[in-house]
Structures are given as structure tokens and as C-alpha cells.
Amino acid sequence: MQSTISDNGWHAGTPPEMAERPHISLLATTAVLFEAPGAFDLAQQQRIWALARRIATWEGVSEAVPGMTNLLVLFARPPRAIDRFLALLEEAWHAAQASPLEGREVALPVTYGGEVGNSLADVSAHCGLSVDDVVSLHSAPLYTVFALGSHPGYCYLGGMDPRLAVPRRKVPLQRIPAGAVSIGGAQTGVSASPGPSGWHTIGHTDWCFFDVDRPIPAALAPGDRIRFAVERVVR
Amino acid sequence: MIELLAVSGPTTVQDLGRLGQYRFGVGTAGAMDDVALRAGNLLNGNSEDAAGIEIAIAPLRLRFLAETQFALTGGDAEALLGDRPLLPWWRVTARTGDVLTVRRITRGALVYLTVAGGIDVPPVLGSRSTQLRGEFGGLEGRVLRAGDRLPVGAPPARAILLDFGIEPPEFALARPLDRAEATVLRVVAAGEYHAFDMAARSLFWSTAWKVTPQSNRYGYRLEGSPVLPREPIEKRSHGIVPGVIQIPPSGQPIIQVRDAQTSGGYPKIGTVIEADLWRLGQARLGSSLRFAEASYDEALAARDAVEAYMGRLAATIARYREY
Amino acid sequence: MAFTVADIDALAVAMERRGIGRVEIDGADGALTLVVEPAAAPKADLPKPLPAGAAQETAILARASIAGRFLSAHPWRSEPLATVGQAVAKSDIVGLVQVGPLYVPVTAPADGIVEAVLAEPGTLIGYGTPVARLRS
Numbered sequence: 001m002q003s004t005i006s007d008n009g010w011h012a013g014t015p016p017e018m019a020e021r022p023h024i025s026l027l028a029t030t031a032v033l034f035e036a037p038g039a040f041d042l043a044q045q046q047r048i049w050a051l052a053r054r055i056a057t058w059e060g061v062s063e064a065v066p067g068m069t070n071l072l073v074l075f076a077r078p079p080r081a082i083d084r085f086l087a088l089l090e091e092a093w094h095a096a097q098a099s100p101l102e103g104r105e106v107a108l109p110v111t112y113g114g115e116v117g118n119s120l121a122d123v124s125a126h127c128g129l130s131v132d133d134v135v136s137l138h139s140a141p142l143y144t145v146f147a148l149g150s151h152p153g154y155c156y157l158g159g160m161d162p163r164l165a166v167p168r169r170k171v172p173l174q175r176i177p178a179g180a181v182s183i184g185g186a187q188t189g190v191s192a193s194p195g196p197s198g199w200h201t202i203g204h205t206d207w208c209f210f211d212v213d214r215p216i217p218a219a220l221a222p223g224d225r226i227r228f229a230v231e232r233v234v235r
Numbered sequence: 001m002i003e004l005l006a007v008s009g010p011t012t013v014q015d016l017g018r019l020g021q022y023r024f025g026v027g028t029a030g031a032m033d034d035v036a037l038r039a040g041n042l043l044n045g046n047s048e049d050a051a052g053i054e055i056a057i058a059p060l061r062l063r064f065l066a067e068t069q070f071a072l073t074g075g076d077a078e079a080l081l082g083d084r085p086l087l088p089w090w091r092v093t094a095r096t097g098d099v100l101t102v103r104r105i106t107r108g109a110l111v112y113l114t115v116a117g118g119i120d121v122p123p124v125l126g127s128r129s130t131q132l133r134g135e136f137g138g139l140e141g142r143v144l145r146a147g148d149r150l151p152v153g154a155p156p157a158r159a160i161l162l163d164f165g166i167e168p169p170e171f172a173l174a175r176p177l178d179r180a181e182a183t184v185l186r187v188v189a190a191g192e193y194h195a196f197d198m199a200a201r202s203l204f205w206s207t208a209w210k211v212t213p214q215s216n217r218y219g220y221r222l223e224g225s226p227v228l229p230r231e232p233i234e235k236r237s238h239g240i241v242p243g244v245i246q247i248p249p250s251g252q253p254i255i256q257v258r259d260a261q262t263s264g265g266y267p268k269i270g271t272v273i274e275a276d277l278w279r280l281g282q283a284r285l286g287s288s289l290r291f292a293e294a295s296y297d298e299a300l301a302a303r304d305a306v307e308a309y310m311g312r313l314a315a316t317i318a319r320y321r322e323y
Numbered sequence: 001m002a003f004t005v006a007d008i009d010a011l012a013v014a015m016e017r018r019g020i021g022r023v024e025i026d027g028a029d030g031a032l033t034l035v036v037e038p039a040a041a042p043k044a045d046l047p048k049p050l051p052a053g054a055a056q057e058t059a060i061l062a063r064a065s066i067a068g069r070f071l072s073a074h075p076w077r078s079e080p081l082a083t084v085g086q087a088v089a090k091s092d093i094v095g096l097v098q099v100g101p102l103y104v105p106v107t108a109p110a111d112g113i114v115e116a117v118l119a120e121p122g123t124l125i126g127y128g129t130p131v132a133r134l135r136s
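Protein chains in written order, with this note's numbering: chain A, 1 to 235; chain B, 1 to 323; chain C, 1 to 136.
Check each hint, because a few of them may be wrong.
[As the list claims (entries may be wrong)] Each pair of labels, with its calculated beta carbon distance range:
hint : chain 1 : residue 1 : chain 2 : residue 2 : range
1    : A       : P196      : B       : R104      : 27 to 33 Å
2    : B       : A182      : A       : A229      : 23 to 29 Å
3    : B       : D197      : A       : R168      : 24 to 30 Å
4    : B       : A182      : A       : R168      : 33 to 39 Å
5    : A       : E91       : B       : G286      : 46 to 52 Å
[Said to hold, decoys possible] Rough simulated footprint, nothing fancy, chain A against chain B, three-plus residues with beta-carbon under 8 Å:
hint : segment
6    : 271-281
7    : 298-309
Just so you know, these hints were derived from the structure itself, not from any lab.
Even glycine gets a Cβ: it sits at the ideal position worked out from N, Cα and C.
Pulled out of the complex, with its shape left as it was, chain A reads as follows:
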């Protein structure tokens, strides 16, 4: 029996937002990727969280990890009958109701500009905004943690003002420090540990996103909301 994506009738190759049905694909026998159809918005993401909670309890599943309107289902033991598993997954999606937003709210003290946030002036120039405007637009929203991923404790945030969008760097930086607040495309985020980055760093926070000594090592979870509190602006 062939069980590649081509045989299952999922809309392979169609951008998920154009498809009526979810796009479900295999990552060999390690995992299945579920991509929700439709818009990239909070309501759709809330359904992904609900689906994640449900699937995580299934036998043979080690984890169900939300991405941006998608879900990675990792297997502890890959199912023998994969077609049946994929059908059940799609059924579970149709049954999933949006999880209420019940996460906690945290304020992250941020120093804008300075040594770490040395791209603040570039972002201000690119966006045609004053440094003060960049800071106030960036610190105004209540951002929602959509998903965790990339590196330990890193949060994908929803809610950045589109006026702050800046194309990513053509040549990534070798290393930006933990706590670097940066903008890449239409997204913003905070590095949880030092590492390479193609984003533009506009500030810095000492807030700790990840601690292996905590029972749950990541400080934030999908559904939590954060606000950047302006500690100071270094010009």
C-alpha cells in the first residue's frame, strides 16, 4: 500500500489558505503536519490549540505542537494504518472548537536601542517613522503567543503593527544575544538564547523565557499575552 501524500487526496501543492480542506502531509514516519485551511488569524489559531490538546492524548502520539495555524503531530510509535490516522485527524479538526483565550498576561521591560538594539535607527529610517514612533507602535499592542518553536523558549507572536514591517537581512548575523527584541518581515519576537538571526534588533530585555530548572521550562505558552514595557530608549 502506498501511503504518500499523493495517494491520500490531500491538497498537496495548494497553498493551504486557498484550499477548503486542511492540508495534511507526512514527515516520513516521524510526524504528520496538519495545516489548517483559511486565514492566518487568532480564531483559526485558537482552533489549532484545541486540536493540539485533543491529539496530544492519542495513543502513539508523543506531542502535538502548534505552529502558525498548523500542528505538528509527533509519533512515539508511528501508526501502522496511516490513512486511518489521517482521516481521524481531519475529523478531529472539524470537531475542534476555538479554545478560549485564557492565558496569562505579562509585561516585558525593554530597553529600546542601545548596543543590542542597534538596528533601531535603521528600522525607523526604513519605515519612515521617528524613533519615538517606532517605540510607541511596538510597545502599544498586547501580543498573543501563537506558538513556541525555533529554539528553546522562543515565542511566535501575533499582533505587530504592520507599519513596522522590515524585510529580513540578506546576510544573517552570526549571533545576537538572548533577550534581543527584533523585527523580521511582519513579525516581531525576542530571542530566548544567543544564536544567529536574520532579523533587525531594536531592543533588549532581561526577561527569562526558558529555564531548565522549572517544571515547565518555557515561561510562556500558546495563548499567553505579552506587552513590551518601555524601560528606556537609548538613542
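Following the hints, position chains B and C against chain A.
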């Protein structure tokens, strides 16, 4: 205790990986050649998931500060215990003060040193593997360097006294599609496979992909004729796993491996099956890779074959211990 | 074949105890021939090992400690483990016996010079079969 005397490249403590932490953004890490680590542990009478040392670049020298049974598995190397040459996939006993020298890796890319009792660094989030990006696990979350001392766990009660070896897995796990000039990896088509036209797909399957020097535990960057989708694809960030083959805008594939980010956005043409990840781990820089299409069920069967091989090894070694 | 290492070992030990030199078993999925060369009571035509410290040049035999297929080299290495004229030290590996996925070493019982490699690579050898002859 083991004392590192000389380390010349990225050498790390690894076990079979940190599972069940993906939702916190924590990738698996773990041995690139899991078959070699598991077999090395079996040779030492350990459980298969004990931690060992993954040696990527020779020369490496270390001293055993107590009598220690150890095994070398993975690639072949010019290795000496004192002045005595060692065979590959072999288990011996070092006396207190003995120096192990790995002079040169002569076959494959990675050599694993496993010891009876395992490398006993503290487990972090359920694993002793080094999480380089998170800077935890292994020894202080970093690569090993000269002067480091690694604790060794209590050896298993029923130690084997005789030196012996095992057949490397390339014999037991040989496949009809094996070739001398390239490492063949079986691949299951992934989410964006059908976004590539027939010509691009057949190029993907037929190319002998060169492993570039920019390949490491994070990812293998390959070089060949560019494989491009019909139109540029930007995916929303989604979880990825070791073995995923992404196609960035350059058309040159990247195989994400053990230290990769847990998420990505490039289109995915396929995923190397779990049962072949050890073969990828042993592919040398500059060597060639070829991809062979496999179904989900073939990937499952290949996984079963590796488990059966491990089961046979464990049973045979257990009987030899009673002998 | 359905024989396990343990089966073969047990059989070899039993044969040795009872002084049986050769056993042939035919099964549905293959045949097994076991040859035991009694190490404790060497045949008259085999050179007798002398106690260590004997002044004269004597022949020393490196014998298989388990029954299986004889390998003169590790399959990943082109050079044989023992070549004629080579100096070996006590417990150096002079050959391998493959039993299923296991490689069991044949070691030199004393320091010496390899005089002859007695076993044919790829053939089945028995428990106690001399693999190499050394001169002290």
C-alpha cells in the same frame, strides 16, 4: 572519569535525544548515528540510550582516570589504546591512566565512544544530549574541549570480561540500492512535493548531491542542479523534524538534522526516513548523496528492520555474556 | 540457520567434554558442522605448548575460543591481523571468529613471531582450532 587531553573539532556528549520537549521549542539533539550509539551501548552492557561521546573530527586524545570498559562504533578510525591499535565496532577495557588516541577517521564521518555505565553528565529535561542552542545538556551545554573531565556511571553489574566486536550495520542492514559512489537515503515525499513539476522531481531523485562543507549537526547543505518549485512558496512557520529536506530559494536542498530549529518555513520536498538517518550522519563532507523514493509503509518496514537488527545484537551479546 | 550462538557454544562444550571431534547436523534451513579440537589434550601430531620461560625456540598455537567462521582481517580493513614473520605480543589479535553478528578475537597466547596462519579465511572452524602458529 575521563579526561579530555586534546579535542580538534565539535565533539559532544549525546544520547538518543531529548524527546517530548518540542512544544517548548526544544529540538531532539541526540546522536547523528543512532545505530552506532545504540550498538556501542549494547557492547558495553548498557541500556541502548546511555550517553556517549560523538567524535566528529580527529585527532582526539583522552585519558581514562579509572579502569573503564569502552567501545568504538560508527565510522572507522586509526585509534590506539596506549600503543595498541583498536578495531572498529570493538569493545575493550582500558586500565587506569590509559590514553585513547583517535588519530584519523578513515571511514564515515563520526566515531562514537561509549563506556560501560555511560557518560554520566546530569540529565536535563530527560536527556544527556548536548543542546547547543539552548546551552544545556551534555557538559555545560557546549562542545568538549581539552581539560574537560567527564563522569562515568556505575558499570552494569554483569560486565563482559573478554574483548570482542560486532559486525558493522552496513552488512546486516545492506540494501539492494546501496552503491559504492554515493550514500543512498530513502525519502518519503513531504507536503510541498507536488509543488515541484515532473522535471524538478526527477532532477531531485536523479542528482548525485554533493555534501558541502557547510554541513553539520544542524543541517546538511547540498549542492547540485537547482530544484525549484513551479512558483516561489512561503510557508507559515511550522514544526519540522530531523530528516526534513527543505528547498530554499536557491534550489539547493538542506536536510535538517539533530540540532536543527524545531520550526521552519521553507517548502519541504521530502523527509529522509528514520531508518536511514544514521547513514546520513556517516556521510562525509564532499561525498555524494542520492535519494530513493519510499512510501510510508516502506519507511515503517525499514524502521522495523533496524529494530530487528538491534534485537539480534542484544540477544547475541547477552548469550555471549553468559558464555 | 536456527542455531543460536549459545546453542553452538553449548554443543561445542558438550562435544569437548565427551571427546567428540565432529558433529554434522542437517536441518530444513541449512546444515551445521562443528569441529572441536581438544585444547586440553592436543593430538600427538600437534606441537605441544611448553611452559613459559622455556629456553628453546618453541611453537605456540593461537586457538579459536569459540566455533564460527574464521576471518583473517576485519571486513573494513584490508590488512590481515597476522602475517607470516610479524612480531606479536601476548593477547594481540591474530584473527577473528564470526558468530552471527559477533566477532570474537583469536589472541596470541604469548609473545612471538607468526610462523604460519593455519586457518583458511571464510571457513568454519571449531572451538580450539589452531588459527596461527607462533615461534617464541
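We went through each hint and held it up to the structure:
At roughly 31 Å, the beta carbons of P196 of chain A and R104 of chain B sit within the given window of 27 to 33 Å. Against the hinted window of 23 to 29 Å, the Cβ-Cβ separation of A182 of chain B and A229 of chain A comes to about 56 Å, which falls outside the hint. A hinted range of 24 to 30 Å holds for the C-beta pair D197 of chain B and R168 of chain A, which are about 28 Å apart. Taking 33 to 39 Å as the suggested C-beta distance range, the pair A182 of chain B and R168 of chain A conforms, at roughly 34 Å.
Range check, E91 of chain A to G286 of chain B: about 48 Å between beta-carbon atoms, so the 46 to 52 Å window is met. Residues of the segment 271-281 of chain B lying with their CB closer than 8 Å to a CB of chain A number 4, which satisfies the three-residue condition for coverage. Against chain A, the segment 298-309 of chain B contributes 3 residues with a C-beta closer than 8 Å to a partner C-beta. That satisfies the three-residue criterion, and the hint holds.
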